[in-house]
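Q: Sequence:
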Amino acid sequence: MSGMPKDPPEPMKHHLRQRMNDHARSRWQLSGVDVHFRGGFAYVEARLHGGAHARLCRLGFKGLLHTWGFAIYLPDEGIYQDSLLPSGHPSGTPEEALDCACAFQFTAPDAHTTPPPPSTNRGDAGLGRNV
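Letter by letter, the sequence shown follows residues -18 to 112 in the numbering used here.
Be aware that one or more of the hints could be misleading.
Estimated spans, in silico, between C-beta atoms of each pair [to be verified]:
no. : residue 1 : residue 2 : range
1   : Gly32     : Gly69     : 35 to 45 Å
2   : Lys(-13)  : Gly32     : 30 to 40 Å
3   : Arg19     : Gln(-1)   : 32 to 42 Å
4   : Gly31     : Arg8      : 14 to 24 Å
5   : Gly31     : Ser7      : 11 to 21 Å
6   : Pro(-8)   : Thr88     : 13 to 23 Å
7   : Glu(-9)   : Thr88     : 30 to 40 Å
8   : Thr88     : Glu58     : 12 to 22 Å
9   : Thr88     : Lys(-13)  : 26 to 36 Å
10  : His30     : Lys(-13)  : 18 to 28 Å
11  : Gly69     : Gly31     : 19 to 29 Å
12  : Thr88     : Arg28     : 14 to 24 Å
I should point out that these hints are in silico values taken from the structure, not numbers from a laboratory.
In this text, a Cβ means the ideal position worked out from N, Cα and C, and glycines have one as well.
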């Protein structure tokens, strides 16, 4: 995601939060997700049963409701890394991003060996520490 995307309008932020929570509850064993906005980025954090939280990914607003840029959270490095979704694209639906991030964060270590491939533009990887 090059540069800072513009900030999505409030109704779109509300819609994204609702949409992500609906998908998280129906597809993953999560209490829900928290979505925090900073600039044109939406930071997605899982709410686990028992009260724990886990950072998942960062979405970059592209000006469209159904298409967002994707950066996976790498807990060992404490950064967000622009990545490709399983479709091979650097952007997609919020649900695709959530599924990719949850599969990476919550599957057994032997289920995957590397994070999703990075995109060619590393963007603003250091933002994750201050979210």
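Q: Against each hint, give a clear statement of whether it holds in the structure.
A: Cross-check of the supplied hints:
1. Gly32 with Gly69: 35 to 45 Å: Given a distance of about 36 Å, which is inside 35 to 45 Å, the answer is holds.
2. Lys(-13) with Gly32: 30 to 40 Å: Roughly 34 Å apart at Cβ, these two residues keep to the hinted range, so it holds.
3. Arg19 with Gln(-1): 32 to 42 Å: violated, 19 Å
4. Gly31 with Arg8: 14 to 24 Å: holds, 19 Å
5. Gly31 with Ser7: 11 to 21 Å: Roughly 20 Å apart at Cβ, these two residues keep to the hinted range, so it holds.
6. Pro(-8) with Thr88: 13 to 23 Å: At roughly 34 Å between Cβ atoms, Thr88 and Pro(-8) fall outside 13 to 23 Å, so the hint is violated.
7. Glu(-9) with Thr88: 30 to 40 Å: holds, 35 Å
8. Thr88 with Glu58: 12 to 22 Å: Given a distance of about 19 Å, which is inside 12 to 22 Å, the answer is holds.
9. Thr88 with Lys(-13): 26 to 36 Å: Hint holds: Cβ distance 34 Å, inside 26 to 36 Å.
10. His30 with Lys(-13): 18 to 28 Å: Violated, since His30 and Lys(-13) (Cβ atoms, about 35 Å apart) do not stay within the stated range.
11. Gly69 with Gly31: 19 to 29 Å: At 36 Å between Cβs, range violated.
12. Thr88 with Arg28: 14 to 24 Å: Given about 19 Å between the Cβ atoms, the range holds.
Of the numbered hints given earlier, the model fails hints 3, 6, 10, 11; all others are met.
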